[in-house]
Amino acid sequence: MTASPNTQVGEFGQPAPGESFSPGVRAFRKIIRKPSVILSLAFLALIVLLAIFAPLVTRLSGWDPFTYDEAAVDPSSGGLPLAPLGGISAEHWLGVEPQNGRDIFARIAYGARVSLLVGICATAITMLLGVVMGLLAGFFGGIVDAVISRLMDFLMAFPALIFMIAILSALPQGNRPALLVIVLSIFSWPATARVIRAQTMSLANREFVEAARTSGAGWAPLVFREVLPNLSGTIIVMATLAIPNFIATEAGLSFLGVGITPPNPSWGQMIASAVPWYSSDPMFFAIPGILLFLTVFAFTVLGDNLQKIFSGGFE
Amino acid sequence: MISYLLKRFGAAIIIMLFVVFFTLLVFFKLSPDPAASICGQTCTPDRIETIRTQMGLDQPFFAQFFAFLAGIFVGRDYGEGASAIHCGAPCIGYSFQTGQSVLQGIMDRMPVTLTIAIGAAVLWLLTGVAAGVISAVKEGTWWDRGAMAFALAGISLPNYFVALVLQYLLVVQLEWLPFPTAVPFSESPGQWFATYIMPWMVLALMYASMYARLTRTNMIDTMGENFMRTARAKGLKPGPILIRHGLRPSLTPIVTLLGVDFATLLGGALITETVFGLPGIGKFAYDAISVNDQPVIMGVTLVAAFAVVIANIIVDLLYRVLDPRVRVSST
Chain E
60 MTASPNTQVG EFGQPAPGES FSPGVRAFRK IIRKPSVILS LAFLALIVLL
110 AIFAPLVTRL SGWDPFTYDE AAVDPSSGGL PLAPLGGISA EHWLGVEPQN
160 GRDIFARIAY GARVSLLVGI CATAITMLLG VVMGLLAGFF GGIVDAVISR
210 LMDFLMAFPA LIFMIAILSA LPQGNRPALL VIVLSIFSWP ATARVIRAQT
260 MSLANREFVE AARTSGAGWA PLVFREVLPN LSGTIIVMAT LAIPNFIATE
310 AGLSFLGVGI TPPNPSWGQM IASAVPWYSS DPMFFAIPGI LLFLTVFAFT
360 VLGDNLQKIF SGGFE
Chain Z
857 MISYLLKRFG AAIIIMLFVV FFTLLVFFKL SPDPAASICG QTCTPDRIET
907 IRTQMGLDQP FFAQFFAFLA GIFVGRDYGE GASAIHCGAP CIGYSFQTGQ
957 SVLQGIMDRM PVTLTIAIGA AVLWLLTGVA AGVISAVKEG TWWDRGAMAF
1007 ALAGISLPNY FVALVLQYLL VVQLEWLPFP TAVPFSESPG QWFATYIMPW
1057 MVLALMYASM YARLTRTNMI DTMGENFMRT ARAKGLKPGP ILIRHGLRPS
1107 LTPIVTLLGV DFATLLGGAL ITETVFGLPG IGKFAYDAIS VNDQPVIMGV
1157 TLVAAFAVVI ANIIVDLLYR VLDPRVRVSS T
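So the sequences go chain by chain: E and Z.
Residues in the first sequence are numbered from 60 upward in steps of one, following our numbering.
Residues in the second sequence are numbered from 857 upward in steps of one, following our numbering.
Derived from the structure by calculation, the hints contain no laboratory data.
Treat the hints with caution; some may be incorrect.
Derived DSS-like pairs (lysine-lysine); straight-line CA-CA distance at most 27 angstroms [claimed, not checked]:
{"no.": "1", "chain 1": "E", "residue 1": "K367", "chain 2": "Z", "residue 2": "K994"}
{"no.": "2", "chain 1": "Z", "residue 1": "K994", "chain 2": "Z", "residue 2": "K863"}
{"no.": "3", "chain 1": "E", "residue 1": "K89", "chain 2": "E", "residue 2": "K367"}
{"no.": "4", "chain 1": "E", "residue 1": "K89", "chain 2": "Z", "residue 2": "K994"}
{"no.": "5", "chain 1": "E", "residue 1": "K93", "chain 2": "E", "residue 2": "K367"}
{"no.": "6", "chain 1": "E", "residue 1": "K93", "chain 2": "Z", "residue 2": "K994"}
{"no.": "7", "chain 1": "Z", "residue 1": "K994", "chain 2": "Z", "residue 2": "K1090"}
Using the sequences provided together with the hints, build the complete structure.
Written out as structure tokens, the structure reads:
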């Protein structure tokens, strides 16, 4: 997972003749050609566009995520959608919710906003905290390391899911996505920090850091110019794998009723509201479930490929 | 060895103290008044005050914290004089909703959670490790690629979604299984199995995917080691080499992971138990959260944290037994 120090001291590690790209660029070129990576990127691009342009797209499709369409459901069957496959029709592209007839396509589009927003923000904060804490603990050692390591032990021993649910249910309503991001980040940064700490410890004793140290560099240049750039591969991989993890956890928390609260849509919460209908209207849980799975899967495939490149490709 | 153990237990106790402190603090600061919710609809301010005094909720935070700790080690009394209720050690309080002892509540639900955890662990170890070993041996083949793609998908599937799909297919469409209702094994082995097979599959899919990936990576690393080359050079057959020399070093990291994953499940497979409506510890916590029953949430959080902390110590000790290299380097 460690990028070799050659990326730092390019003047010593001459690129092979005819190959003038840095290892990072070469690695990138290698994975970008794999079909699984292309498909994943294409799917994620679609979801990101859907999320960004949700208001525009839903104006095009004709239904917003909150309007009830009583004409699309059948009151005599207890509110099941009239059209087959959960009410899929030219009017409602992915069908409607049973009973109230809200448009599933519109709710998926707006739900994608929540999933991506929470996933990306939580990843950013987790990475920031994890990298700073891991660098501090690994580089300075001693009492700094002891304090940070104990804090990490404590947070990792916590039954995070139960506790997240308890905190989120106790907290006032307020801004749910922001609360989710904070709670998710608090319990997740130690996993990142532990890896960063271990790698920083081994990097801090390497020759090129020693050389910089003996030539009189202070701790700031050592950390930011020598150690941090060599951690970039690890950070990219961990961030790519953290996003799907957070998206899944957010959906899980919303599924349990403590995440995004109705009527605002979120994929996990859509699956939760489909539970009473799972035997009579399976499309209602299948559509958000499959989209959630594909999004998480696509991110995981990307992360997995990046990991392979960074662990093997630089040697 | 003794000093190592003492050190580990010392650290474990400190971690547990922090967990108690932090959990209590969150409830102390964030939660709405529990006395009001115990009291219910027909309530007078006097009555709320009585409950608060009896529960010790009128005390300052640190007094409550130490009263709780005392309850764990020596027991505690709720209320004063003749109406006092004694709660023997280890006491982690009474449910606000039912008045039942929290520890008793957890013990009552332990069999369901244990059944789910043990069955799932057996299933995921067998399938995950086997798939990982075969993938490593047949590295680069279609079997390997297929198994690893499947494992990657298995990691990405949300377990409540898998639970719904399984229930829809096996119960509603194919009618192979009845709706899950928790019955003890002694009552009806057939129905017991039919109830738990779906939760086992849901949990095993997720964990087996992770274990297969890890086993494969470890196995490939091990097969490149010098002692494996020596074994091959000695003329041993591939089968015995794999089993006697290859498997043991590849499986030690799996033991570490298994210990912690299993311990986590003992704190309740919250989502799985909730979706299938099985009355385990996870469902206990989930139900308590929805009615803000703080002593129960506290109790489950503590038991779950305790299981993870203890599992970490056991796993470290096991690791020393299983991997000679660790033993040499750390003594």
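Q. Is K89 (chain E) close enough to K994 (chain Z), meaning Cα to Cα at most 27 angstroms?
A. Holds, at roughly 24 angstroms.
Q.
Given the hinted pair K994 (chain Z) and K1090 (chain Z), is their Cα-Cα distance within 27 angstroms?
A. The given pair, whose Cα atoms are some 23 angstroms apart, holds under the 27 angstroms limit.
Q) Given the hint that K93 (chain E) pairs with K367 (chain E), does the C-alpha gap stay at or below 27 angstroms? A) Holds, at roughly 13 angstroms.
Q.
For a C-alpha distance cap of 27 angstroms, please report whether K89 (chain E) and K367 (chain E) respect it.
A. 11 angstroms, holds
Q: Take the C-alpha atoms of K367 (chain E) and K994 (chain Z), compute the straight-line distance between them, and say whether it is at most 27 angstroms.
A: Roughly 18 angstroms between the alpha carbons, so the hint for K367 (chain E) and K994 (chain Z) holds.
Q: Decide if the proposed pair is consistent with the structure: K93 (chain E) and K994 (chain Z), CA atoms, cutoff 27 angstroms inclusive.
A: 21 angstroms, holds
Q: Decide if the proposed pair is consistent with the structure: K994 (chain Z) and K863 (chain Z), CA atoms, cutoff 27 angstroms inclusive.
A: This hinted pair is violated, its Cα atoms lying about 44 angstroms apart.
Consistency note: the structure conflicts with earlier hint 2 alone.
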